[in-house]
Each structure stands twice: as structure tokens, then as C-alpha cells.
Amino acid sequence: MLYIPISLLALLIFGSIFYYNALVNKKNRMKEAWSGIDVYLKKRYELIPNLIETVKGYARHEQQLMVELATLRTQAIHAQEDQEKINTENHLSQHIARLMLIAENYPDLKASTNFQQLQTQLETLETEIELSRRYYNGTVRENNIQVQSFPSNLVARVFGFKDGSFFEVDNPAERSSVKVSF
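With the numbering used here applied, the sequence shown corresponds to residues 1 to 182, in that order.
By construction, these hints were calculated from the structure, which means they are not laboratory data. Ideal Cβ positions, reconstructed from N, Cα and C, are used throughout, including at glycine. Accuracy of the hints is not assured; some may be wrong.
[As the list claims (entries may be wrong)] Per label pair, the in silico range of CB-to-CB distance:
id, residue 1, residue 2, range
1, Asn28, His61, 46 to 56 Å
2, Gly15, Asp38, 28 to 38 Å
3, Val67, Ile145, 35 to 45 Å
Sequences are here, hints too, so could you generate the full structure?
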């Protein structure tokens, strides 16, 4: 008779340890995925001033967009919370796409070797950011499943594990693809 309560207690302890370790694993994968996005975003932040300077010489009357782009870049660099960073990055991506569309109106700019190199670097970075976002969202999905599923949700609640935030576009109008061609 004594074996049953001891067995149940041992099962509870080992089950809690198992789920705790699984939750820690998911949380760390999510953090690692976010740091991957962060690396590519920092590269994009470094590219933006060069892009602005190149376009500025050709598109002087587009000053407002250049100022907004620089402001968003600064906000994105200093964003502390994941959701704040996600929202700022979405706006920054929109402004970069607008800047590239404006370049369509300036044949001399499109022909500039410097602009072409920056455009190629930006396209590569945007592809890498997209791939990193997909990986990050996958880790968030796995984390959220673990945090919300029974019985691991009991362990998650006790130890304060939380759902992750997906890196997604909130505004349906922003979900439509922007055509950028040079």
C-alpha cells in the first residue's frame, strides 16, 4: 500500500521535471530564433543610412519619407519589448518598400552602381529576415503549444512560462504584397 503513494509522488516529480525541461528548451529556442532575426535587422539598420544617402541625391523632394525612415530605424534599434520591435519593424519594411517604389521614377538612380549594390544587399537581407521570421514563428508555435497543453500548462503556470509573440503583420492592408521592380 505504501508503494502507491510513493510511486504517484515520484511520477509527479519526474513528470514536473520533464515538462519543466521541455518548457526551458522551447523558451531557449525561441530566444535563439529571435537573436537570429536581430542579427539580420542590425545589418538592415546599417544599410538604411547608405540607401537614404544614395536616394537623397536623386529624390530631393522625398525628404519626408527619408526623415520617417530614419526615425523608424532609430525606434527599431531602441525598441525594448518584442511586440514593440515587431510593430516598428513592420512599419520600417513598409517605408523601405515605398522608398524602392519611388526609385522607379528616377532612371539615373536605378542606373547608379551604388544603388544597384545597395538594392541587391537589401533584397538579400529581406530574404534572410523572412526566413528568420519563419523559423522564429515556428519556435513560438512550439513554445505556445507546450505552454498551453495539458499537463505541461500546469508546470508552465507554476514557473511563469508565457506564450511567445508571433512576428506577423497586424494590419490586413499591409499583408498585400508590394511590387518592387527595377
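Problem - Hint check for Ile145 and Val67 - Cβ pair distance inside 35 to 45 Å - result: Cβ of Val67 to Cβ of Ile145: about 43 Å, so the range 35 to 45 Å holds.
Exercise for the section: Note whether the CB distance of Asn28 and His61 lies within 46 to 56 Å or breaks it. Expected result: 49 Å, holds
Problem - Beta-carbon spacing of Gly15 to Asp38 - inside the hinted bounds 28 to 38 Å or not - result: 35 Å, holds
Violated hints: none; the structure is consistent with every hint.
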